[in-house]
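Trainee: Here is what each chain is made of, one letter per residue.
Protein chains: 2
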Amino acid sequence: MSDYTKVTLDESEIPTQWYNIIPDLPAPPPPPLHPATREPIGPEDLAPLFPMDLILQEVSQESYIDIPGEVLDVYKLWRPTPLYRAHRLEKVLDTPARIFYKYEGVSPAGSHKPNTSIPQAYYNAKAGVKKLTTETGAGQWGSALAFACAQFGLDLEVWQVRSSYDQKPDRQRMMRIWGAEVHPSPSENTEAGRQILALDPNTPGSLGIAISEGVMRAAPDPDAKYALGSVLNHVLLHQTVIGEEALKQMEKVGETPDLLIGCTGGGSNFAGLSFPFLREKLAGKINPTIRCVEPASCPSLTKGEYRYDFGDTIGMTPLVKMHTLGHDFIPDPIHAGGLRYHGMAPLVSHIYELGMLEAVAIHQNECFSAAVKFARSEGIVPAPEPSHALAAAVREAVRCRETGESKTILTALCGHGHFDLSSYEAYLNGDLVDYDYPDAKVADAMSRVPVVD
Amino acid sequence: MSDYTKVTLDESEIPTQWYNIIPDLPAPPPPPLHPATREPIGPEDLAPLFPMDLILQEVSQESYIDIPGEVLDVYKLWRPTPLYRAHRLEKVLDTPARIFYKYEGVSPAGSHKPNTSIPQAYYNAKAGVKKLTTETGAGQWGSALAFACAQFGLDLEVWQVRSSYDQKPDRQRMMRIWGAEVHPSPSENTEAGRQILALDPNTPGSLGIAISEGVMRAAPDPDAKYALGSVLNHVLLHQTVIGEEALKQMEKVGETPDLLIGCTGGGSNFAGLSFPFLREKLAGKINPTIRCVEPASCPSLTKGEYRYDFGDTIGMTPLVKMHTLGHDFIPDPIHAGGLRYHGMAPLVSHIYELGMLEAVAIHQNECFSAAVKFARSEGIVPAPEPSHALAAAVREAVRCRETGESKTILTALCGHGHFDLSSYEAYLNGDLVDYDYPDAKVADAMSRVPVVD
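As given, the protein sequences belong to chains A and B, one line each in that order. Heads up: take any position in the first sequence, counting from 1, add 146, and you land on the numbering used here. Heads up: take any position in the second sequence, counting from 1, add 146, and you land on the numbering used here.
Don't read these hints as lab results, they were simulated from the structure. Do not take every clue at face value.
Treat identical chains as interchangeable: a pair holds within one or across any two.
[Claimed, not checked] Taking lysine to any residue and the SDA-like style, the derived pairs with C-alpha atoms no more than 25 Å apart in a straight line are:
#1 Lys398 - Leu218
#2 Lys398 - Asp149
#3 Lys449 - Leu578
#4 Lys519 - Val544
#5 Lys272 - Tyr452
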C-alpha cells in the first residue's frame, strides 16, 4: 500500500477563477442561431431567461473569470473535493495501472451539479431575481438548484418528469427539504402542461416537456428566470473547478495522467475535469489521451452527426451546432438518467471535431459490473452515470494487465448512487437490459433535424 | 464570514491509537454478570461470539490501544473527517454562539459506524473467522458491517427487523451491493425465527429477535462470529477517533468548547466524540459541559434506572449495569431508529452516574425542525439521530442570543439522512407524532427487570 489514499487540499486552495477554454482553441466554436431568422443570436435574445452576468460568461472571450467571494464561501461547504488513488480497485483488477478518481459526491446534493447551481443562484439573486424555474429528470439537477436557492434566498419551482416523480420520490423529498416547490411534468400549472395532459392524461412526461414548462413559467415573469444544469458554455465553465483542483492534486503527488476518462451526458462533468488538462496539453506541458464515455443507447458522439439542432425536444431553443441524435430522439430507459440527452454540449462537440478527444459507448451491464467491483473495493457506491467512466477505466486497467504498462489513469466520480440503489438491485438480479445500438431510431430522428447551411 | 468553514486534517493526522477512558476514571465500571450464576463473566464466556483481540479490548486497562495498519489503511478512505464551523446556521439563528460540528457522514456507509465495523471485521479475519452475523434495525449498522466485510473478504449474514426490511429497501440494497446476505427477521433460517413465525406469521419483528437470530447462527459455527454495532466497551473505544480528530481540529483553529453535545442511542457516537474531551477535562486542561441528548420516547438516561439488566429483549445476554427502561420496553415508533434502544452503554451510564455528564430528552418534531433549518443553511441533510443533537445545539444558541453569551458549542453530525427522507416528508406534511413521555410503560417494563444485589 502506498503512502497516501486520498490527496486533499486546504480550503484556501479552492480555485479562485473559472477557466474558459474558448480563447485557447485553434478555432472558435460556431455560434448559436436564432430558430426563426437563422442568424447568430445576441445577448438580448437570452435576456428573458438568464441574468446578464451569466449571458456574458456564455459568450466570454476571457481565459479566466473570477469566482465571486460569495460563491467561494458556499463552495467551502464541500470543496476542495478529494482525489483518490484507487489502490484497492487496482489490487482487485491485478493491474499495473495507477488509477485516480476525483470524487464530487461529497457535495450536499451528492454530485458535481452544485458547482454551477451555486453561481447560477448567486448571479440571479444579485440581479434582483426572486424566483428560478427549472426542469429535472431523475432529480440530480433539481436538488442541486434547490440547495443553491436555499443559500441565496430564492424561490424555486421545479418541473420533474412524471415517471421519475412517481418512481423515485427521494430526490423530490430532498428538493422540498431545501424549500423548493416540485411539480410532476406535465402539470396543470402551465399552458404547455395542460395541453399535453388534455391529449394524454397518463403521459409519463419527458425532459423536453419539462423544459417547456419551466421556460413558459419564467419568460413572461419579470421576477423569474430559468436555469439549466448542463450543455451551455457557462455551465461547463463553472465545472472547471473540478479539473483545476485535480491538476493541483496530481502535481502534489508527482503524477501525470496518461489517460483522462469522463462520462458524457450533456457534457458538463466531462468538461469540468478535462478542460484544465486540455489547456496544459495545448501548452505542450502534458500529453494525456482524453476519452469520453457515453451510454450505448444514447451515443451522441459515436453515432450522432455534427450539425445544427434544437436543444430541446419540442424545438423552442436556439439552434446549436453539436453532435446530435435528433432533437426528438427518445433514448431507451437506461438507469443512467443523467446521460439520456439527445445532444452533446456544443463546446465539447466542437473540441471533439477538432480531433482532441476520443469517444467510446458502453452498455449498462458492463457499467454496473464495474460499479459493483468499485463499491466492494473502494467503498463508495457510484451513481450510474460515472459507472460509465469506471467501466472504461476498468477496460484500460485490464489492457494494462495484459501489456504490462503502468499507465496513469484519471477519472471523475461525479456523484454517489444513494438514490439509484434500485438500479443496482435490478443489475444484481440479472434484470438489466443492454439495448441495441439505436441505428434505425437515430436515422429516423435525424430525418427531422432542420437543414442549416 | 470568517476565514474558514471547515477544518481539515491530512490523512497522516488520523489518530494511530484508540483511547480507553476506563483507567482515567475515578472508579471502575461494575463488571458484566453471567445471567445464570450472577458472577462476573470472564473472557472465555464471550469466546463463542467474539475473537480474542476484541474480548481483550473489551476488558483492557490500557489507556491507548494501537490501531493496526490494515485498519488505518481503510480508515483513509474517508478519515480524517471534516470539522465544520456552522457560520450559516449561526446567521439564521442570529446567535453570538459559535457552533462547530464534526461530520461522520462522509464514510462510504454514511455514518460513524464504519469506525468500528472496520476493526471488528479486521480482527475477525485475522483470527481466521470466515463469516460474521449481525442484526440491524433501519440498516445503518448492517450496511457499515457489509462494507467492512467486503474489505476483509468475510461473508456476512444480516438479520434485519422485518418492518424496516419491508419499508426501507435501500439499506438492504446497499448491503447486497457490498456482498452481504440479508434476511428479514424473524426468518425461516433459524430456530428462533421459525418458532416466532409459527406463533405469528405477520409479526413486524424486533431488534431483540434479530439479535437472537444472529447469535444463534454464529455461536455453534466454529467459522462464524457475531458483531455488535454499539453499547460494548470495544465499540465505544473504536469510535474515539472522532473525538481525537476533533480535539486536533479545534486546537488547530484555537477554539475550546464550552459545551459538547451528542445524541445517545446505544452511546457509541456520543462516547466517540466526548471521551477524548473528557480525558482533557479530567486532566484539568479544559472544562466543557457535556450533554447527552436522547429521544423523549426512549429516555434511558433521564427516565431509566441505573441497575443490572439484559442487553437484549429476550434476556440471552450477560447482565450489565446500565441506565435502562427495562429489557422488554418497546419504544414508540419514532423515526430516529438508531436511538430506539432500551438501555445505555454501561460505560456511558457509569460516567453519567459519576456526575460527569448532563442529559436531556427532546421530542422528534423539535428535532426535525432543527434538521430542516440546518439543511437549508449548512446544506447537509442530517440523519434523524443527530438531529437530536442539533436540536439541543439550537436551543443553546437561542439561549445565547437572549443572554448575549458567545459560547463555543461542539456537536457530532454522525450521519446523513439520505435513506430517511420519507421521515422528513412526514415532518413537512405535519404528520409526525410527539409521543408522550412513557412513564407508565417504563414502570411496567421495569417491573420485569431481574433484581441483582
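Trainee: When no copy is specified for lysine 449 and leucine 578, does a C-alpha distance of 25 Å or less occur within a copy, between copies, both, or neither?
Mentor: So lysine 449 and leucine 578 pass the 25 Å test inside one copy only (22 Å; across, 52 Å).
Trainee: Could you place lysine 519 and valine 544 in one of the four classes (within, between, both, neither) given a Cα distance threshold of 25 Å?
Mentor: within (13 Å within a copy, 48 Å between copies)
Trainee: Please sort lysine 398 with leucine 218 into within, between, both or neither, judging by C-alpha distance up to 25 Å.
Mentor: Answer is both: 22 Å inside a copy and 22 Å across each meet the 25 Å cutoff.
Trainee: Given a CA cutoff of 25 Å, do lysine 398 and aspartate 149 count as a within-copy pair, a between-copy pair, both, or neither?
Mentor: So lysine 398 and aspartate 149 pass the 25 Å test inside a copy (13 Å) and across (24 Å) alike.
Trainee: Regarding lysine 272 and tyrosine 452, is the shortest C-alpha distance of 25 Å or less found within a copy, between copies, in both, or in neither?
Mentor: neither (37 Å within a copy, 58 Å between copies)
Checked against the numbered hints above, the structure breaks only hint 5 and satisfies the rest.
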